[in-house]
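There are 2 protein chains.
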Amino acid sequence: MSAVLATPDLAAYCLETAQRVKHAAADLAVCTGAQKNGWLRASAVALRKATKEIIAANELDLAAAPGFGLTEAAIDRLRLNPKRVEEIAVGLEEVAALPDPIGEVIESTIRPNGLQILKTRVPLGVVFFIYESRPNVTADAAAICLKSGNGVILRGGKEAAHSSRAIVDVLKSCANDFGLPADALHLVETADRTAVGHFLGLPQYIDVAIPRGGESLIRRVTAEAKMPVIKHFDGNCHVYIDQFADVEIAERVVVNSKCHRLGVCNAAESLLVHSAVAAKMLPRIANALMAQGIEIRGDEATQRLTKAKPATEEDYGKEYLGPIISCKVVDSLDEAIEHINRYGSKHTDAIITGNLAAARSFTARVDSSAVMVNASTRFNDGFQFGLGAEIGISTDKFHARGPCGLKELTTYKYVCYGDGQVRE
Amino acid sequence: MSAVLATPDLAAYCLETAQRVKHAAADLAVCTGAQKNGWLRASAVALRKATKEIIAANELDLAAAPGFGLTEAAIDRLRLNPKRVEEIAVGLEEVAALPDPIGEVIESTIRPNGLQILKTRVPLGVVFFIYESRPNVTADAAAICLKSGNGVILRGGKEAAHSSRAIVDVLKSCANDFGLPADALHLVETADRTAVGHFLGLPQYIDVAIPRGGESLIRRVTAEAKMPVIKHFDGNCHVYIDQFADVEIAERVVVNSKCHRLGVCNAAESLLVHSAVAAKMLPRIANALMAQGIEIRGDEATQRLTKAKPATEEDYGKEYLGPIISCKVVDSLDEAIEHINRYGSKHTDAIITGNLAAARSFTARVDSSAVMVNASTRFNDGFQFGLGAEIGISTDKFHARGPCGLKELTTYKYVCYGDGQVRE
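Line by line, the protein sequences are chains A and B. According to our numbering, the first sequence is numbered sequentially starting from 3. According to our numbering, the second sequence is numbered sequentially starting from 3.
Pulled out of the complex, with its shape left as it was, chain A reads as follows (with noise of 0.2 Å):
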């Protein structure tokens, strides 16, 4: 397909392609375990083959990354070499050795006229997964999403579009081999950005989309979508140290919350410390973030036991995914809670405390996808909460809270069996 299509014909191939795709998502939908399994585990086998014309079309992505004004950063992102090939392949085959989502029983009960009510897990049907990313997220999407038996349209950047599409080819090539609707996995190949909106705009084929980027391409398949959105669309992410802190967890965990990786959305942004310990604790913990480079911007007693500069009401609110952190001291546990449900993302926040009562009421009433008692905010991620897999973390608290695994993406139907009953 050409990189540019009119207008008319873009709208009539998005829409013909999510038909095909729902199509082929009610077959995957009953295929089973072992079928799914022997296609991703066959795919990594064929990957592992095809690395020598993957990275030959990676390359080509190489070659255009400069006019697409990638920085080096970017571009090391976005290359691919053996190592990097073989890391695709054993995530195939680690979502293959993952247990089976579809079919599960979630509760059953027999009713007392006998009737038998299963609540069964099944597929959502088709995601539309819109992303930035490095190639290795076109094989982890495509894995998650036909693993737990949904069909998949790919929207990648147009930066890796030669990786993808070679990686996505060998995927669909594995397809027919174990009676799988190689339908059910499509990858977007036009470069025009106006069929993003042609699919948000199919609510009756496409059951959910996830983006996964920057915040304005959030912010605008949120607007734009006509079917559910799993996302979040910031990070600003607290930890919080309590009176009853211990000094050497404190400074542990939130130098890791800052400073493990400073990009990304389960990092922390902000540090609240109780006034009874921030003379105590504050300098310290202060000195272990300068020293990995990180600049502080704090309220008038933090720049009074550090060497912060002035913080603004705008940095609470933000989010930094740099080396800086916005630092409050708070005269009470309640107005730590408060600050960070006023200014946080409901995404992750932290306290470092002793205290049993401290910990039961800062988790119960920060209203956050995840909450850490004494840990790092960067756990919060579906591969360290023992997921297997994570097609991205939502801060909404409609459907999936959290990381998103392989359930994320699936739904229930009831399914009742009688012999005759009827309603008196």
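These are calculated hints, taken from the structure and not from any lab test. Only true hints are included.
Same chains, same names: a pair is fine if it fits in one copy or spans any two.
With a cut-off of at most 25 Å between alpha-carbon atoms, the simulated DSS-like pairs for lysine-lysine come out as follows:
#, residue 1, residue 2
1, K174, K160
2, K174, K409
3, K409, K121
4, K24, K320
5, K228, K320
6, K51, K174
7, K174, K54
8, K121, K24
9, K24, K174
10, K24, K409
Dock chain B against the given chain A, drawing on the hints supplied.
The following block gives chain B in isolation, referenced to the frame of chain A:
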């Protein structure tokens, strides 16, 4: 509050209301089951005591009813008497007797690093419930929402305004005694329909909208809501009589599915019969339906075997909510499944069969919230499924599907306990 407010005042009222309910909901979320149940039971006692006042308020509604153009049947549904007030009180006690959904650890794991992950059930937050119905729905909805820890904004029909006000006043008056925030329960008093639009534009304070009533109301709410909606538009439910059906069961289930109550979403609106048994079964079942005053609209094969009128294409997509059923003779199970997935509402569909493979294929492939085997479609209902309560039925796949009781008004958060864990 007066029934008419200027637009800026109305917008401010809606915003202020939503903020106040959201704030109260945060407190309600951490109240105990004993508090919530105490409040429900005390409300039941108080309602019984206030029977005279409630009936007096109801008489104001009844007096105004002809002016609203209500039918005799609608006026009868609106009417309260001591028996109906007693039923409302018993309804509150029944919700009090249900298990508290909040705080349940749905799944848990201890990761290899010692981090304990508790996937914990919590309330959604604030429910906006829009309904056109009888005064008892006001009490039921309040009970379900508050028991599940959610604040609720009730927007009932103007026809029941005085009755609903009297009931809500009683419920609110009992909240303080149990330390519950009375502000978590709010009845919208203005008759101005634009208030609904204002509330639907406040996703930061309202977590879910639940419309219950006619399809046009539900379509309007779904189109305008900036927050998720739990809903079904309609219920074009099918009964399919397989070639391996028992004719006694087939007749009983078809008649019950169609005739038990005509105007409800889980009533059958379409009958499919396998051609191998049509000659034997269809005349008998058609006679049984016609004996109940049901008009049959069928394809040519149906017309040959019964006194059916001709069915148009439109008939197969129709929810009659009345004494009509469409009928079609199909040549295979697959044709029946395809027909249902094409024309149905994804609500409730039934197969009558003694054949295991047919039952398994039908339940796996029919893409509806509930699929019945040898049982009436009328069982797709929160009470019939044993949920103990119901605020609506969802035909969507996201979050909640099928009957929605207490659990369907909850979400989860991850609560993680560690002792200093950080990511390596």
